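Novice: Sequence lines, in order, name chains E and D.
For the first sequence, numbering that gives the first Met the number 0 gives the first residue as 0, with consecutive numbering after it.
For the second sequence, numbering that gives the first Met the number 0 gives the first residue as 0, with consecutive numbering after it.
The reader is advised that the hints may include incorrect statements.
In the DSS-like style, the derived pairs of lysine-lysine whose C-alpha atoms are separated by at most 27 Å in a straight line are [claimed, not checked]:
id, chain 1, residue 1, chain 2, residue 2
1, E, Lys403, D, Lys385
2, E, Lys124, E, Lys358
3, E, Lys328, E, Lys124
4, E, Lys403, D, Lys297
5, E, Lys72, E, Lys328
6, E, Lys328, E, Lys78
Think of the hints as simulated: they come from the structure by calculation, not from any bench.
Note that the coordinates shown come from a computational prediction; the quantities given were computed from them, not determined experimentally.
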Amino acid sequence: MRRRIGAALIATAVVTLTACGGGGGTSGDPAGDDETQAAPDGTGQTLTVWVDETRMAPTQAAADAFEEATGAKVELVQKNFEDIRADFLAQVPTGEGPDITVGAHDWLGELTQNGVVSPVEFGDKAGDFTDVALEAFTFDGQVYGVPYAVENLGLIRNVELAPDPTPETFDEMIAAGQEAGTKYPFVIQVSTEGDPYTMVPFQHSFGAPVFEQNEDGSYSSELALGGEQGEAFAQWLADHGANGDGVLNTSITYDIAREAFKNGETPYMVGGPWLIEEFDGMDLAVDPIPSAGGEPAVPFIGVQGFYVSAKSENGILATEFLVNYIGTKDIQVKMYEAGDRTPALTEAADEISSDPLAKGFADIAADAMPMPSIPEMAAVWTFWGVTEAQIINGDAEPAAAWQKMVSDIEGAIG
Amino acid sequence: MTQPEAPPEERRSKRARESHATSIRPGFFIKLILMALINALGVYIILAAWSQQSWIILAVTVFFVVLADIVYFTKRMLPLKYLLPGLVFLLIYQVFTVGYTGYVAFTNYGAGHNSDKADAIAANVMQNQRRVEGSPALPLVVVEQTFPGTDLGFAVLEDDMVKVGTEDQPLEEAPDAVVEGTTIVEVPGWNVLSWSDAVARSQEVTQLRVPVSDDPNAGSIGTQDARTGYAYRSVVTYDPETDTMTNSDTGMVYRANDRGQFQADDGSTLTVGWRVFVGAENFTTAFSDQRYSGPFLKVLAWNVVFAIASVLTTFFLGLFLAIVMNSERMRGRKIYRTLMLLPYAFPAFLTALLFQGMLNRDFGFVNQVLLGGMPIAWLNDPWLAKLAIIMVNLWMGFPYMFLIATGTLQAIPGDVYEAAKIDGASGWQQFRRITLPLLLIAVTPLLISSFAFNFNNFNLVYMLTGGGPRFTDTSAPIGATDLLITMVYSVSGLDGSASRNYGLASALSIVIFLIVATVSAISFRLSQKMED
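All chains should be built: construct the whole structure from the sequences, respecting the hints.
Specialist: Structure below.
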């Protein structure tokens, strides 16, 4: 998902480059900050919410209910998901930012480091959300967002080509895939710059997580992806790369992998819930990802939710909207219907578990590791993917390249 | 209007005496309407800026609106009448942007230094509030004191007992309060605010902390939804007199340092910092960091090669096609000319993305269809990737050169060629001695601007190769096709792949600006010499 480069990217580029020029207030919307117009009910108060295209409709439903109940106005601003993080960081300090924005949990480190988000107090409602969702939005003991969905990878299987459940090890799966007699035994997106998010389950199966975990499950900034386990994974990449059996191929991008699976050219694909819509009409199953290194191949879990701006002038309304509207079963189920991601509210997650595919992803999520949200992670992404791509291409000696990557990341973290 | 026999002085004074009212022409009405629109827009911006308290924007707008009125409604400032619109846009879009970039280049604006000091203090306090362990969620209403002041306070229901207090007055029992279910409806001596009243005073309510008791460790009640209160403890507090923040759990004292952070004696800092001036530090970092100084030269060299190559390739292909299409012997020239413009009509980033797919080693159109399945690693090999960049740029850039070459060719008078033919010049000689020199005089400024544009051709590189393939012999995230501008983008973390550093990005942008400006200035000087 992280790699889904769309036309939006260039807009990101332009916006981010100009973000530093976007300082002082632009021409204003005079309705924005009228403390003086305080009417005796919610009327006259405007809550500005940034939301992306996928989540627009369900958020609108929550907003309509909220407007009706409180009389306050909710102004939804549709933005590209890729733009939101940088724009939010740039605009909150000027006081021009929104009250609430949609976002992903792995932004949390950067957002707190810059002091642009404020904590949300759930009180007794905290127990209504799945643990992993709430933990992902927790930083230093406080929760900073209201989660609505959990997403993670799984092994999507074409039941017509491979009727049996996916074997537990990678080699057995490849063997089963070859038996199916399709063009590819298995596809996974890599692309020229590598795709560590999609590849990380296999890395985890070698016992090489990115960072050490503290006792409470949060990540410390100490790298753990090096060492023998990491190098064993690097060797595995090379064994299946261009100079090996070629199962991993940097030419296979997200689009190519998706089309191959859609056209019945492979029985297995590593993918997330966002793909399900694309494979409409196919007989599918979602299985745990087979292990390559002996340990369970757990994917990263990504949690999506809504953040409250540290400079919101409507804190009470924002909390009310998020906790009592976004955090309700109906809206969370609607969010699921819009994006196929597992709801973060336990009650809503139970409701959708009758769908076997949704249940497949949700079961995998139970053991998955949250994607690190600490600011140091940015430096990891920079080197991680390209190193994997180099090893898969056979351009670099696996162990040496992996060691260099680790020291480069350490250098970048400083 | 004038009498031809009148002496010149008299004519001039007569015209000066004429007011606009007496010499109304249609153009005046158009001017009036345009100026009315401009003034209306100005007034709108002024009012909006007023309500947003953006005084700088307000002042600048007032200045420009008044200036525009003076310039266009008096007779004296004739040159400015022509120059003003251009000047205004130059100031807003160029001078301001460059100036602001220059300002940012001397600050440490970036990750951890995102706002001002007040925001940083507030954020550090907010992030270090803890719920008092084991404290319950208390039903709460917001209340307003009726006597002696009108302080805002909270009334909470704890163990069937209503307690009320303000910021300065710890919670006290209010035995006469009326409770319905778990809702406090009346507190004698206090005015109970409805939820919507509380919402209207959102900021005051969410920032209010009412101490539970005289013991500071018991915490103070705060609320986010004006319905439920929780006891919080501020672990970190700010003391404005000493400009320090203190962590009451560890006793550590953090002092504001000149790097825009609160720092303790052991060197540890609080999470959130603020923007400060750091002098020329961003510039020295850019050139002294070992990881970047080596690759910087490689990137600079490739950047220059790319910019020159892209100008030359696009210009000569465009010129060649223009000459061919200019020949009257060719049929269907209009159709071809239109087709030639198609690449120009597509957005550049889309073209780059399309080519990225077409150049895929195993599945791309180029290898599969055009080259019969040869697995050429267009985007994985450093040299091929550079070639691919230049070729794709040629595809995107030649229609522009084709357009300007076509226009200029048609402006060269035909009799020059006839004279040359009579003198017995060959086709090549005509091209070399007549076409090219005449053409170059006209298009050299455009070539220079094309050079400047391609020097910073961010879209193409970012969309096609992302700067890759990555150098294997450096520790910086820089690749073989990175231009300076894409290098700046990733090195300063603007793409989210490292911690953001707008200060460094601005400093490097200024360096690039200086390079481009220098090259352009020299080229213009040379081209002027050529014209003489």
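Novice: Quickly compare the C-alpha distance for Lys328(E) and Lys124(E) to 27 Å and report which way the hint goes.
Specialist: 12 Å, holds
Novice: Does Lys297(D) sit within 27 Å of Lys403(E), going by the straight-line distance between their CA atoms?
Specialist: OK: Lys403(E) and Lys297(D) at ~21 Å, within 27 Å.
Novice: CA of Lys403(E) to CA of Lys385(D), is that 27 Å or under?
Specialist: Between Lys403(E) and Lys385(D) the Cα gap is close to 25 Å, so the pair holds against 27 Å.
Novice: Hint check: Lys72(E) vs Lys328(E), CA-CA at most 27 Å. Holds or violated?
Specialist: Answer holds: Lys72(E) to Lys328(E) is near 22 Å, not above 27 Å.
Novice: Is the straight-line distance between the alpha-carbon of Lys124(E) and that of Lys358(E) 27 Å or less?
Specialist: Distance ~24 Å between Lys124(E) and Lys358(E) Cα, so the pair holds.
Novice: Is the straight-line distance between the alpha-carbon of Lys328(E) and that of Lys78(E) 27 Å or less?
Specialist: Roughly 25 Å between the alpha carbons, so the hint for Lys328(E) and Lys78(E) holds.
The earlier numbered hints are all upheld by this structure, with none contradicted.
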